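Chains as they are written, first to last, in the numbering used here: chain E, 1 to 652; chain G, 653 to 885.
Derived by calculation from the structure, the hints in this document are not laboratory data.
Just so you know, not all the hints are guaranteed correct.
So the derived label-pair ranges between C-beta atoms look like this [as the list claims (entries may be wrong)]:
#, chain 1, residue 1, chain 2, residue 2, range
1, E, Phe333, G, Phe668, 28 to 38 Å
2, G, Gly694, E, Phe333, 28 to 38 Å
3, G, Gly812, E, Lys573, 22 to 32 Å
4, E, Lys573, G, Val657, 29 to 39 Å
5, G, Gly726, E, Ala630, 41 to 51 Å
6, E, Arg405, G, Arg728, 49 to 59 Å
7, G, Arg683, E, Phe333, 31 to 41 Å
8, E, Leu367, G, Pro692, 50 to 60 Å
9, E, Pro292, G, Arg728, 30 to 40 Å
Below, a list of computed lysine to aspartate or glutamate pairs in the DMTMM-like style, where the Cα atoms sit at most 20 Å apart [to be verified]:
#, chain 1, residue 1, chain 2, residue 2
10, G, Lys709, G, Glu732
11, E, Lys134, E, Glu456
12, E, Lys474, E, Asp491
13, E, Lys573, G, Glu732
14, G, Lys842, G, Asp826
15, E, Lys573, G, Asp832
The structure presented is a predicted model; accordingly, all values stated were derived computationally and were not measured.
C-beta atoms are modelled at their ideal positions from N, C-alpha and C, and glycine is treated no differently.
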Amino acid sequence: MSGIFGLAWRLLRGGGRRGMLGSALTVVAVAVSTSLLLFAVAANLAFQGRADREAWRNPVAAARDAVAIQAVHLDHVDDRPVTVVDVAALEPGAPAPPGLARFPAPGEVWLSPALADLAKRLPANRLADRLSGKGGGLIGDAALVHPDELVAVRGQAPGSPVMTAGLAVDGHDDIAPTRISGFTGTRTDNAIGYQILALIASVLMVVPLLVFGGAAARLTVARRDQRLAALRLVGATPGQVVAMTVAEAVITAFAGAVLGAALYLLMTPLLTRIEIGGGPWFVADTWPGVLPVLAVLVVVPLLVGLSAVVGLRRVVVSPLGVAKRETPPAMRFVRVVALLAVLAVVPTLGMGAGVGVVTVVLSLAFLAVNLVGPWVVGLLGRIVAASARRPAGLLAGRRMIDDPRAAWRTVSGVALTGFVAGFIGLLTPGTGLLGQADATNLRLAVPPAKAAALSEQARERLATAGVRATVTVKAGGGRGKVLVAALGTSDVAVTDRARTALDGLVPGRSATTAADDDRSGFRILDDVRTGTVTVLAVSFLVAIASAGITAASSILDRRQTYALLHLAGTPMKVLNAARRTETLLPLAVMGGGAIAIGMFCALPFALSTMNVSGLVTLLVCVGLGFAGVAGAGAASAPLLRSVTANPAPRPD
Amino acid sequence: MAMSVVLEGVGLVKRFGPTVALGGVGLALGRGEALAIMGPSGSGKSTLLHCLAGIMKPDAGEVRLLGERIDTLGERRRSELRRTRFGFVFQFGQLLPELPAEENVALPLMLGGLSRGDAVRRAREWFGPLGLGGMEGRRPGELSGGQAQRVAIARALVTGPAVIFADEPTGALDQGTGHDTMNLLVEATKHNGASLVVVTHDLQVARWCDRVVEVRDGQVIPGAAPEMIGATG
Numbered sequence: 001m002s003g004i005f006g007l008a009w010r011l012l013r014g015g016g017r018r019g020m021l022g023s024a025l026t027v028v029a030v031a032v033s034t035s036l037l038l039f040a041v042a043a044n045l046a047f048q049g050r051a052d053r054e055a056w057r058n059p060v061a062a063a064r065d066a067v068a069i070q071a072v073h074l075d076h077v078d079d080r081p082v083t084v085v086d087v088a089a090l091e092p093g094a095p096a097p098p099g100l101a102r103f104p105a106p107g108e109v110w111l112s113p114a115l116a117d118l119a120k121r122l123p124a125n126r127l128a129d130r131l132s133g134k135g136g137g138l139i140g141d142a143a144l145v146h147p148d149e150l151v152a153v154r155g156q157a158p159g160s161p162v163m164t165a166g167l168a169v170d171g172h173d174d175i176a177p178t179r180i181s182g183f184t185g186t187r188t189d190n191a192i193g194y195q196i197l198a199l200i201a202s203v204l205m206v207v208p209l210l211v212f213g214g215a216a217a218r219l220t221v222a223r224r225d226q227r228l229a230a231l232r233l234v235g236a237t238p239g240q241v242v243a244m245t246v247a248e249a250v251i252t253a254f255a256g257a258v259l260g261a262a263l264y265l266l267m268t269p270l271l272t273r274i275e276i277g278g279g280p281w282f283v284a285d286t287w288p289g290v291l292p293v294l295a296v297l298v299v300v301p302l303l304v305g306l307s308a309v310v311g312l313r314r315v316v317v318s319p320l321g322v323a324k325r326e327t328p329p330a331m332r333f334v335r336v337v338a339l340l341a342v343l344a345v346v347p348t349l350g351m352g353a354g355v356g357v358v359t360v361v362l363s364l365a366f367l368a369v370n371l372v373g374p375w376v377v378g379l380l381g382r383i384v385a386a387s388a389r390r391p392a393g394l395l396a397g398r399r400m401i402d403d404p405r406a407a408w409r410t411v412s413g414v415a416l417t418g419f420v421a422g423f424i425g426l427l428t429p430g431t432g433l434l435g436q437a438d439a440t441n442l443r444l445a446v447p448p449a450k451a452a453a454l455s456e457q458a459r460e461r462l463a464t465a466g467v468r469a470t471v472t473v474k475a476g477g478g479r480g481k482v483l484v485a486a487l488g489t490s491d492v493a494v495t496d497r498a499r500t501a502l503d504g505l506v507p508g509r510s511a512t513t514a515a516d517d518d519r520s521g522f523r524i525l526d527d528v529r530t531g532t533v534t535v536l537a538v539s540f541l542v543a544i545a546s547a548g549i550t551a552a553s554s555i556l557d558r559r560q561t562y563a564l565l566h567l568a569g570t571p572m573k574v575l576n577a578a579r580r581t582e583t584l585l586p587l588a589v590m591g592g593g594a595i596a597i598g599m600f601c602a603l604p605f606a607l608s609t610m611n612v613s614g615l616v617t618l619l620v621c622v623g624l625g626f627a628g629v630a631g632a633g634a635a636s637a638p639l640l641r642s643v644t645a646n647p648a649p650r651p652d
Numbered sequence: 653m654a655m656s657v658v659l660e661g662v663g664l665v666k667r668f669g670p671t672v673a674l675g676g677v678g679l680a681l682g683r684g685e686a687l688a689i690m691g692p693s694g695s696g697k698s699t700l701l702h703c704l705a706g707i708m709k710p711d712a713g714e715v716r717l718l719g720e721r722i723d724t725l726g727e728r729r730r731s732e733l734r735r736t737r738f739g740f741v742f743q744f745g746q747l748l749p750e751l752p753a754e755e756n757v758a759l760p761l762m763l764g765g766l767s768r769g770d771a772v773r774r775a776r777e778w779f780g781p782l783g784l785g786g787m788e789g790r791r792p793g794e795l796s797g798g799q800a801q802r803v804a805i806a807r808a809l810v811t812g813p814a815v816i817f818a819d820e821p822t823g824a825l826d827q828g829t830g831h832d833t834m835n836l837l838v839e840a841t842k843h844n845g846a847s848l849v850v851v852t853h854d855l856q857v858a859r860w861c862d863r864v865v866e867v868r869d870g871q872v873i874p875g876a877a878p879e880m881i882g883a884t885g
């Protein structure tokens, strides 16, 4: 086996300049795939990490042997949420909450670095006065969802009003005092939701990645076909040929995978800046861990090797290798029937359909579009060839008929991304969905019996703080009462001063505006948009890289033909025009088709008709996709010039 | 009989790094003449053909087509010249595998601006005389080596060129097919009033031509008459 590896290595190194260029293209393709795969893996692990770091603030009631009491409520400053965690130890040895060096003593306040920084920067009456107490220290990263998160942990005595108040939890994210046996907690629904979204995004990214990886593997095989057929002729056994192919593909892919991992590491400073869930990421979040990275470095080359073996079947079967070029039979119409069958199922789906069913139908629709692609390319080829009046059209049309799969390969990535864009475009939520919530009235749920007294106190406190407000008490949900301080302004500085004034009026509660309460809803919509843009950006990056690499590889494969055509006086612009037609035409038709199919698949889940931001997303995608593929094709024009500059082309 | 000169190379010099491929070569091709350029591998015969055909620019010397210099023209003009005034037949690989035979032949006409219908009609006219009747719709992969070379000859001649350049045109064919192909190439070229330059290392091929020159170490050595080569070789 080491002999085979050695021979494969020598063949790889002895491939000459063009051979090396071909190998370099494969290395680049595998590198891009690997780095994006690592991104997908890291993203999922990062959301898992966030969920785990947040879990301690979502307490689980202890069945017995409670060691502490924990209550959580949301406060706000500068239009940002502040998570306030109150803890009280029930016995001396109570474990410290995550990120804290010890259990906070009563009266101690621990702040997250971002909150401590904000408290220093803002006037005391906006924030610091609310955090008064003995400074405990800074909360460590282990207890924070993201570096910019605002969190305060306050130590309390078990009998303090905050820890004993039976709070009326009224739809806020507040958690009433809970007796706990430790700070393990459980993941919040919100965090689990993000994990699911990350998983869906990964699936959407992995499909173009697979298309790309497949193209990269075929790229190695196409060049090696002839040489390996020659090896078969001199008596190499099919097993040896397969082993050599695997060895060559694996060596190349491993180089690509290592490069990709390095590329990913270089990208991490940028990735940490993607704001999701209210803030950016810790650098550690973007490192998937040694084992996952090693797994990717092993799995990627193996997959490429496997894909290469599949592509080699023909050579292994016959020492004559590449079959003679004859008129290929037209693609079967059954491909279209498959797509129609899948699409027929789509309208039966609805909001009630299970996640599994929806995923399967979407995947099938995705695959069916990929299946129909070559058929459409073949059909377009016949139309173009039949109606061509100029040589470029004739060349493009005939080439599309000759090898519709190859023409499809160049554009499939972008077209499939069109499917994703169409799907997402229709589902992109508009902000209009939530409306503009009121930010001028601070509201605080109060115990009905104390409503009158508390409103009087509120008036006094606001007046002392110099905040002009009208305080009234209104009926809340059920038997509750809500104290409303009408500020008459949405100026965030005034609101913050009012919040500070009202702080502690009701133990363990903070006054909020309607806009505050809607903030997490808006944040989720924002995050869906950020996720959408990220997924689309990654998909398009892959698709465009794929188009560029396939275009370059196609020139290398046909260099002799191009050189001879040029030599016989064919103008370069005719060759380039033919190349443009054979990519942009299928792209326009199949890209448009895929967008339409994506939108059709999204119809059962659309909450409203397409909104402006969805339309903008879609249009930007269409523009970028077209420009990207056209640019990738144009970028390979110098390569075409270089291969045609060779005056004595010979097959090698 | 004095023939008027169609193509002429004067004092052609071409170097590749330290290697001198052509060391001041002079050569003239008469109207309707078939000239064989012979020589061992690496002697410079292909370089000479590339310089004469405007594929390569010589480092020194001149190339004239019907008295006009072509070695000083830009790439675009030389491309056009190759398309309109020259025809090429190579050992293999010059036909586009995706196009049927008739479209391969029609392609140079279409590149010259002729409509597709007219180009294909004119291309078809070549199939019968070249013994390719019924093969119009076949693709190169469905043709034998000899048939493919005849399609290439038709493509080279279809634009009515002044000179046909053939580089080892029978190199990939068996002796019998090579014989037939050379016969056809010389006859068809002369029948159409064109001249022929054949680069070969095969004596049998050279014997089809009116005149033979030998290139050795970048110099042209006037050869014997073709019929004499057979006797001595």
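Problem set entry | Which numbered hints fail | 1, 2, 5, 6, 7, 9, 11, 12, 14 and 15
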